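Going down the list, the sequences are from chains E and W.
Just so we're aligned, residue 1 is where the first sequence starts under the numbering used here, counting upward by one.
Just so we're aligned, residue 1001 is where the second sequence starts under the numbering used here, counting upward by one.
The hints are simulated quantities; they were obtained by calculation from the structure and are not laboratory data.
Be careful, since some hints might not be right.
[Said to hold, decoys possible] Once the Cα atoms are required to be at most 35 angstroms apart in a straight line, the calculated DSBU-like pairs of lysine-lysine come out as:
no., chain 1, residue 1, chain 2, residue 2
1, W, Lys1113, W, Lys1103
2, W, Lys1103, E, Lys117
3, E, Lys152, E, Lys184
4, E, Lys133, W, Lys1103
5, E, Lys184, W, Lys1103
6, E, Lys117, E, Lys133
7, E, Lys184, E, Lys133
8, E, Lys184, E, Lys117
9, E, Lys117, E, Lys152
10, W, Lys1006, E, Lys152
[Said to hold, decoys possible] Examples of chain E residues lying across from chain W (beta carbon under 8 angstroms, computed):
no., residue
11, Gly27
12, Gly31
13, Arg67
14, Ala134
15, Pro162
16, Val163
17, Gly193
18, Val218
19, Thr336
In this text the structure is predicted, and so the values were computed from the model without any measurement.
Quick reminder that beta carbons are idealized off the backbone N, C-alpha and C, glycines included.
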Amino acid sequence: MRLDELSLEVRAIPGAIPAFHATVDAGSLRGLLEAARSRKARLVALWGSDATLRGAGYALHLAIGLRSGLLWLELPLPRDNPRYPGIADIFPAANRMQRAARDLVGIEADDATDRRKWLRHGAWPDGVFPLRKAFDAGSVFVDSGDHYPFQKVEGEGVHEIPVGPVHAGTIEPGHFRFSVVGEKLLRLEERLGYKHKGTEKRFESMTLEQGFRLAGRVSGDSTVAYAWAYAMAVEGVTGTEAPDRALALRGVLLELERIANHLGDLGYLGNDVALSFGFFQFWRLKEDLLRLNQQVFGHRYLMDTIVPGGVARDLSNAESRLLLQVLERIRDDTQTLRSIYEEHAGAQDRFILTGQIVPELAARMGLNGFAGRASGIAHDLRVDHPIAPYRGLDVRMASHQRGDVAARVSVRFDELFESIRLVRSLVSALPPGETRVPVARAQAGSRGVGWVEGWRGDVLIALETAEDNRIERLHPHDPSWQNWPLLERAVLGNIVPDFPLINKSLNLSYSGHDL
Amino acid sequence: MYQLLKQIVTTGIVTEPAPESDESLRQVEQRLSDIILRHFGRSLSIRHVDAGSCNGCELEIHACNSPYYNLERLGIRFVASPRHADLLLVTGPVSRHMETALKRTYDAVPDPKLVVAIGDCGCTGGIFGESYASRGRVSNVIPVDVAVPGCPPTPLAIMQGILTAISKSRSGQP
């Protein structure tokens, strides 16, 4: 939708991605969002902030994805009664975000149907809000107890299987409550928040120069996407323009991250259907890529390679050649492996129609990233808002309609090949010049936005600056927020042993969610 | 099926040690298997606990099972239950919300047990430090035998950490 259709007073937020900021009041919020929703806008993020240091109360923030860019809506809330009209009926993904904003900032949705806590377990008591400015990050409370009322399914033969937070494998911690009849899943309820480690509060103790390392560790498997989003936000608020060569290299790094993660997951998807051949083959290729990353960029997962102002490493001609050589071999082998997967009756039998998320449900709930594209949701920031270096590359968006494990496998293969093509284009036409420029200082009270299509989906960094180049508030948003609730739906009617397969086909981040 | 077999044959065995190609890895593996052979009856069972990491360390623990490292052929395997484990591999700064689960998992591992903390966060609290939500290093919550730095540590470093833990237990040090 066009911004002018919303009849909003907006201010452009400077930076690489088209972004706008507008202040709204409680009375017009829901009407505005309903209008946006009917024009296919999507909810990218929702968070709260404490503006008391600036003499105001609190604020609710919304990031809305529009055809013309990102709209950052801010709803000021009074200090004595920080309530706002809830929006979870308009955007279902808002439910958990509203609960998280309540736990962390103490702002409350009026009409929330689900008032249970979300990110708060027992580490701090009810009525204490870590993201308020008066809260000392070093405070330690006695464990306040952790009652959490799961929803019960009753009926003859129904029983519950509680799993986690510690799982039977190398997985991040979270709790799953299955209600089953025999082997069939009637209901899954997730409980997350185990990895809440105060990331957002930690940002507030940092300067703009320091924050990039923490941004790169919001979710380790998406370190490039977060670091780039952070750099984009900082460059926006400081008026810094990263050199063309650095932008091209950022594109290379982001695609390498996508390739590595898809390789790893495609291997595990084979493993989960007892095709361990797939695991060993794909993890051989992944290791080749990680070693290449180490050799060329100095880090296997490319951490701290993207910095505000550019990139920390340049690419020599010899390294470019090596990069292309290895990728070509990975592409050829992956093509062979794809045909093996597709012709393997046992694997296909487990993949097809397992964990299905139909397009209508995906659209209603806001499924995003590659999982969304496997369910007919045509969003990809590299296509929707092609910033440098994606402009002119004509990224081909992968798509599928069936939304099952097989569709997600197929989309991952397509994306992997496309990423290899993109790296080849970028590397063979690397602009000359420097790779890093100094970053100016930011004015207090400025806003910056970084929005990047990570391998899992779109990663957002919303930044507000304070005095002395410090961070006033920084909200990193992981696409897993939108996708976790869909896992609960995807498993319905499937059997318990298919849960690991469905889970892996989405591979959602806990760390990026629990902040 | 033909293509699958062909791929297996053409791939061959990529597992290192090819002794000349990666000397440091080979040594680690030989010593590891030697010690495990003598002290753990040819097997060491590991239970991994993510106590709050960014998931970077998990990526490298996964990689330990990739064909280049293939930890399992040394008799080291990851098990599903702490009750089956000899060694606890812990990643992350310990989040306050994982503190209880980590303690309970530790208690569930039968004695004698070893703990290896993985990564800068596990060693020191890392960039997340200690706060209302993070207890910082793993040793703030349970006893740690070996701490492996790195962000994340490489699969090789993780294997060396496991070796160090086993060597320590052999010489009877804490």
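A quick look at each hint next to the structure:
1. W:Lys1113 - W:Lys1103: 13 angstroms, holds
2. W:Lys1103 - E:Lys117: 24 angstroms, holds
3. E:Lys152 - E:Lys184: 16 angstroms, holds
4. E:Lys133 - W:Lys1103: Given that 35 angstroms is the threshold and the Cα spacing comes to 32 angstroms, the pair holds.
5. E:Lys184 - W:Lys1103: 33 angstroms, holds
6. E:Lys117 - E:Lys133: 21 angstroms, holds
7. E:Lys184 - E:Lys133: It is violated: about 47 angstroms lies between the C-alpha atoms, which goes past 35 angstroms.
8. E:Lys184 - E:Lys117: The given pair, whose Cα atoms are some 29 angstroms apart, holds under the 35 angstroms limit.
9. E:Lys117 - E:Lys152: The hint holds at about 17 angstroms.
10. W:Lys1006 - E:Lys152: 51 angstroms, violated
11. Gly27: 36 angstroms, violated
12. Gly31: Violated. Min distance 37 angstroms.
13. Arg67: 33 angstroms, violated
14. Ala134: Hint violated; alanine 134 of chain E Cβ to chain W Cβ min 13 angstroms, cut 8 angstroms.
15. Pro162: Where the cut-off is 8 angstroms and the nearest Cβ of chain W is about 13 angstroms from proline 162 of chain E, the hint is violated.
16. Val163: Violated - the Cβ of valine 163 of chain E stays beyond 8 angstroms from chain W, reaching only about 11 angstroms at its closest.
17. Gly193: 6 angstroms, holds
18. Val218: 7 angstroms, holds
19. Thr336: 6 angstroms, holds
The structure fails hints 7, 10, 11, 12, 13, 14, 15, 16 (numbered hints given earlier, in ascending order).
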